[in-house]
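Heads up: the sequence lines are chains A and B, in that order.
Quick note: the first sequence uses the UniProt record's numbering, first residue 1, plus one each step.
Quick note: the second sequence uses the UniProt record's numbering, first residue 1, plus one each step.
The set of hints was computed from the structure by calculation and includes no laboratory data.
C-beta atoms are modelled at their ideal positions from N, C-alpha and C, and glycine is treated no differently.
Treat each hint with caution, since some may be false.
Chain A is nowhere near these chain B residues, computed Cβ spacing over 10 Å in every case [what the hints assert, rightly or not]:
#: 1; residue: D312
#: 2; residue: D394
#: 3; residue: E450
Not everything, but these chain A residues come out facing chain B in the computed CB check (under 8 Å) [as the list claims (entries may be wrong)]:
#: 4; residue: L346
#: 5; residue: Y347
#: 6; residue: Y348
#: 7; residue: E360
#: 8; residue: M367
#: 9; residue: V368
#: 10; residue: P372
#: 11; residue: P383
#: 12; residue: N644
#: 13; residue: Q648
#: 14; residue: L652
#: 15; residue: K657
#: 16; residue: P660
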Amino acid sequence: MATVSLSPVAVHLSAMSTSRRLPLSSNPNAANSPMRPSALSLQGSKKSRSHAELLREEAYGQPPPAKRQMVEHAIQRSVVSPSRPRPARTIVHRAVPRPAVGATAATERASQAATYKPSEKELENIRVWQTQIRARFPKMVFYFESIPDEQRSKLARQVTQLGAREEKFFSISITHVVTTRPIPSQKVSHDENDSSADSQAANSQAANEHPKTIDPSLLNRTTDLGLSAPTSVRRKLIFDTNSSRRIPMQVQEDAIKRPKTRNTDVLHRAREMDKKIWSLEKLQKILEMVLEPDPYKSAVLGQNHKTVQGGASTKAHEQSNLLQLLQNERVHGPSDRDPTVVTKELYYFKGPYLYIYDIEEKQKPIMVREYPKVADKKDGEWPQFRVASAGRCPFVEDYDPLERESRQAKTKERTAKAAVAVAAPSLKPPEVPPPKPVTGKRTLAEMENANNRGVASVFDAAESLDRGKVPPSLDFRQNAFRSHAKTGRLLAGEPVASGVQPSHVTSAIRSQMISSTTGVLGAKAGTSKEIHGLQRKVLQKASTPAVSDMSSRRMAEMSHDSNTFIRSASVSRATHRKLDAVDEEDAAQQKSKLRRTVSVPIPQTKQKARDPKPGYCENCQDKFEDFDDHIVSRKHRKFADNDNNWAQLDALLGQLKRVPCDNNHDEEESDW
Amino acid sequence: MATTVPARRRRADSFRIHEDVHYMVEEADMIGDGFPDLEEEEQQQQEEAPEEVQQEEQEEEEEEGEPAEDMESNFSESSEEDVVVDSNIQYDMEKLGDTFPGFRQKYRLIKRIGEGTFSTVYKAEDLQYDRYENAWDFEKENDKWTPLPLKSAASSMTLNNDSQEYVNTQKHQQLQRRRKPKFVAIKKIYVTSSPNRILNELELLHDLRGCLSVCPLITAFRETDQVVAILPYFRHADFREYFRKMTVHDISVYLRSLFTALASVHSRNILHRDIKPTNFLYDPETQRGVLVDFGLAEREGIDCKPCLCHEDALTRKTRLRAAHAASRAPSDGYPKQDTRPSRRANRAGTRGFRAPEVLFKCTEQTTKLDIWSAGVILLTILSRRFPFFNSADDVEAMIEIATIFGQKRMRQAGQLHGCMFETTIPTIGTFGFSFERIILWSTCRVDSGEGLSDGEKLAVEFLTRCMDLDPSRRISAEEALEHEFLQMALQPPPAVVPEEDDEMDMLSV
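Using the sequences provided together with the hints, build the complete structure.
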């Protein structure tokens with residue numbers, strides 16, 4: 001669970017792991033600080049220590065000053081925010097400004113924001129400030145330091161939007177360093193440089209001891225060459241930080257590795273080079289305020305900003321460290337969790353997304369959907385204005401075989417739409433030549449022979465479905481009765497449209513669902529009813545988001561739904577009717593289906609058996625696989641024959657009788 | 001009280017059927033054993049199922065219309081007496097005739113004209129028309145309504161109906177009649193619909209009797225679980241056949257008719273919820289239209305919980321700020337295991353026509369949501385693209401709307417209902433596009449530099465009022481009728497047909 005434990009030990013760990021990131025200058029407990037007691041003095045002599053040892057050392061060898069911090073930390077937190085339901089991340093996204101302030105500030109801000117009302121003058125100031133800062137951005141070159149990848153890319157995007165640029169590697173060209181670590185003061189950094197020069201030998205020793213450490217000389221070279229070995233090391237560190245959010249164990253390891261960069265700290269380098277160093281929070285604040293189009297809101301943000309900044313500046317050094325810790329925790333996730341528990345509280349968006357949630361966050365997200373990342377936004381699978389010939393829906397791309405093909409080659413497959421391709425041709429817009437699969441961007445055929453991605457003909461798709469060991473009856477019936485508008489009434493709808501779009505269905509789960517089964521339909525076989533139901537839900541959802549072609553989307557839904565219905569239908573039939581009859585039926589439908597796949601329209605008139613019409617009975621509150629069977633079932637008849645159920649309606653029907661004309665005295669059958 | 005007698009009589013009539021039913025029940029028992037298997041699974045779906053079902057109402061009609069077989073259901077009336085081809089339809093019609101004793105003496109089923117989630121609609125001849133008061137038939141004295149070629153009523157015989165058979169040929173009937181046949185639409189409501197749903201629809205229709213441009217209810221009756229509603233049959237054309245050819249004046253007339261219906265419905269505090277071309281039967285020849293299908297309709301304020309959008313702007317702002325400030329959620333991720341309740345709101349309607357407040361799950365929806373849907377129709381006509389919105393679900397619908405309106409306005413729209421709107425979808429711009437631009441673009445006039453005609457500009461202005469993201473600022477049906485654009489319908493059409501539109505037409509076909 002995401003709640004932060006308040007036990008001293010846990011906080012202790014948290015404080016520890018984060019404080020280990022502090023640069024030497026600001027942390028008297030740093031490994032090579034004279035203030036630090038014995039534990040680390042052994043370091044030099046121990047050439048190979050296990051991580052476990054390190055951990056223990058970290059945990060137990062806690063120097064007094066840090067303890068004081070922790071206690072304060074714990075108190076403060078227990079007073080202000082006794083529990084946090086999940087790690088709050090304070091990344092600011094331009095769409096929705098979300099103030100990144102310490103938890104301490106959050107509550108006071110709440111009351112403040114409620115009462116604070118910016119005056120016109122303030123608003124004007126805000127606007128002026130916004131324009132000024134916007135003007136300055138294009139000259140800025142950012143280097144993000146100790147910031148997780150996801151967040152970094154987001155920030156990079158935002159600053160790029162404002163005309164600034166992100167430099168991946170620390171170099172002379174950058175103007176701003178943004179960090180989550182404490183910013184060394186000017187004076188201290190000089191001291192630090194001196195002392196680091198003094199202890200040059202010790203440093204190199206430490207470097208030898210831990211091969212992953214960034215060698216200062218290498219760092220220097222990096223600045224010169226741009227790309228070299230340390231880059232990968234850097235990258236790696238960032239990556240570690242990233243994953244640490246999910247596997248807290250690594251946080252500890254990370255914390256161990258991290259301090260080793262301290263002597264060649266980028267921040268210190270930056271100080272030396274007179275680069276501006278901003279805290280992540282500061283950048284977020286600025287971005288938030290610049291990108292917020294509503295001046296009222298900006299003003300409120302600004303207001304908060306001021307108080308936070310002001311408060312922080314007056315606080316003691318330890319307290320600013322504390323804020324830093326909190327901030328770090330917010331960015332990197334709490335580091336004091338039970339490391340054995342896999343954290344999965346939040347799903348983080350990786351691709352473009354739409355996320356709508358109630359502002360009080362008391363309810364499930366109202367809408368959430370993420371789309372796969374694409375290089376060119378035209379390739380995005382979300383609805384967007386497309387090139388469409390006149391008269392057609394502007395959100396649906398007209399079919400262009402060449403383009404589609406190249407896109408297919410590019411895109412990795414998601415199979416949920418496999419069945420789509422099979423059934424789609426009959427729904428194609430008229431001018432589209434039949435044999436080409438218009439529909440899903442990925443057909444099952446493509447998925448199954450990834451190498452073979454020329455023209456995925458409809459036949460391929462059908463074949464591969466077979467290969468996927470899909471019981472033929474499922475697949476064939478579905479199509480056979482699809483053309484029956486009546487049966488389509490539950491199939492042709494929009495299963496995903498309702499608010500039940502579950503927030504936990506992520507693309508990850510989706511792809512897992514798919515990859516873990518032989519075919520789309522395979523997921524449904526041989527599972528318990530509960531799982532079956534769940535999977536069906538998942539698959540239903542999974543099927544819809546990505547296909548741009550309307551008919552294919554519909555088909556995806558239909559096929560999933562209908563498959564389920566059919567399966568159950570065939571089960572019950574198999575048990576209650578003669579098997580060979582079923583087989584016959586299947587065979588017949590198989591034939592018709594095959595013909596349909598090639599998109600030869602055949603009249604469906606002469607079918608010896610009516611297709612089952614699945615649906616939902618509001619009266620019995622049951623889903624049924626065949627309408628005609630259901631309405632004669634005992635349960636349904638019991639309801640239907642009970643006049644009490646109809647009393648109200650009958651009362652109304654009584655008023656709806658046709659009124660006979662005056663000249664007509666034959667009233668015998670005039671009731672309707 | 002008054003109802004008891006007829007009810008009893010009906011029961012007596014239906015005795016024969018009951019026997020049948022019992023017989024079938026026994027058979028069903030065997031089949032029914034298969035059901036328990038399903039039941040558990042269905043339990044999970046139960047709560048969502050009714051809601052889901054609602055949304056799909058009659059979508060097939062317009063959206064699944066590609067197969068030739070379904071084209072028929074789109075009400076295109078080339079020949080009045082099409083032969084029923086599909087044996088299944090034939091079978092269903094036979095069965096419907098059997099369900100009600102004496103049905104065949106009263107109505108002669110002709111063909112299926114539509115099918116929805118909860119019902120099938122047949123065209124039928126009203127054989128006993130002359131026996132009844134027919135207040136619903138406001139075309140009584142006015143024969144242009146059903147322009148049959150061979151209608152010269154030679155015989156002055158009184159209607160003789162005792163031996164009429166459903167299988168009678170048209171010619172035979174013609175001989176027996178002194179007037180041309182009167183057609184009705186018979187709506188067979190599926191027996192799986194709950195009595196409450198049926199009651200709701202019929203009650204609303206009953207309340208709406210006498211409303212202009214709203215399809216009246218002639219009568220309705222029940223036989224055990226089968227309920228049938230008899231409605232007047234309106235001759236109308238398929239929207240897709242005429243919408244591209246409409247001049248600005250035509251559009252004005254069309255919409256005036258639609259908004260007249262909406263004004264009537266809304267004045268009784270009823271929401272139709274499913275305004276779309278398929279549910280507004282329009283005859284371009286007579287320029288008359290009627291609103292049909294109140295299957296999803298509801299009364300305003302029923303089943304509502306307060307929503308922020310009904311607060312005044314200041315209260316809303318304050319509450320938003322408070323919530324915003326207190327909120328700690330990350331903006332780049334969402335909880336994986338969410339135990340919070342989901343927001344529940346009626347979202348019945350047809351995709352592509354749902355108003356933004358419906359998508360935001362506003363808990364206090366108003367009649368304005370119909371105005372939005374009407375706006376979508378106008379957008380469709382002006383852009384000459386049908387459907388204009390093409391979403392598989394609500395999320396896509398939201399993205400499509402956002403593509404037009406842009407993030408900034410969407411965010412404000414969301415906040416009206418206490419929602420945060422976040423997106424990183426690159427094709428959703430900050431400010432979106434103006435309708436003018438979209439229409440120029442949709443009609444391929446961007447490059448030519450050709451602008452909108454004055455009439456179109458007026459229409460776009462009206463469109464902007466209809467498709468206002470804020471339901472409280474959106475124009476009401478009553479106001480709309482006063483709008484300059486809909487006033488245009490009251491003027492005679494311009495003598496010279498605007499060539500521009502015709503040219504457009506040529507280009508876009």
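Taking 8 Å as the limit, does the beta-carbon of P383 of chain A come near enough to a beta-carbon in chain B?
holds (5 Å)
Taking the least C-beta to C-beta distance, is L652 of chain A closer than 8 Å to chain B?
holds (6 Å)
Next item in the hint list is Q648 of chain A. Is there a CB on chain B closer than 8 Å to its CB?
Result: holds, 6 Å to nearest chain B Cβ.
Taking 8 Å as the limit, does the beta-carbon of M367 of chain A come near enough to a beta-carbon in chain B?
holds (5 Å)
Holds or violated: is there a CB of chain B closer than 8 Å to the CB of K657 of chain A?
holds (6 Å)
Per the CB criterion, is P372 of chain A less than 8 Å away from chain B?
Given a least distance of 12 Å, the restraint on P372 of chain A is violated.
Tell me if the interface restraint on V368 of chain A is satisfied: Cβ within less than 8 Å of some Cβ in chain B.
Since the shortest Cβ distance to chain B is 5 Å, the answer is holds.
Report holds if the minimum CB distance from E450 of chain B to chain A is greater than 10 Å, and violated otherwise.
holds (14 Å)
Return the status of the interface hint for Y348 of chain A: holds when the least beta-carbon distance to chain B is below 8 Å, violated otherwise.
At about 4 Å, which falls below the 8 Å cut-off, the nearest Cβ of chain B leaves the hint on Y348 of chain A intact, so it holds.
Does L346 of chain A hold up as a contact with chain B if the rule is Cβ-Cβ below 8 Å?
For L346 of chain A, the interface hint holds, since the closest Cβ of chain B sits about 4 Å away, which is under 8 Å.
Tell me if the interface restraint on P660 of chain A is satisfied: Cβ within less than 8 Å of some Cβ in chain B.
holds (6 Å)
Interface-negative label, D312 of chain B against chain A, beta-carbon threshold 10 Å
Per Cβ check, D312 of chain B is outside 10 Å of chain A; nearest 16 Å; holds.
Of the numbered hints listed earlier, those contradicted by the structure are 2, 10 and 12.
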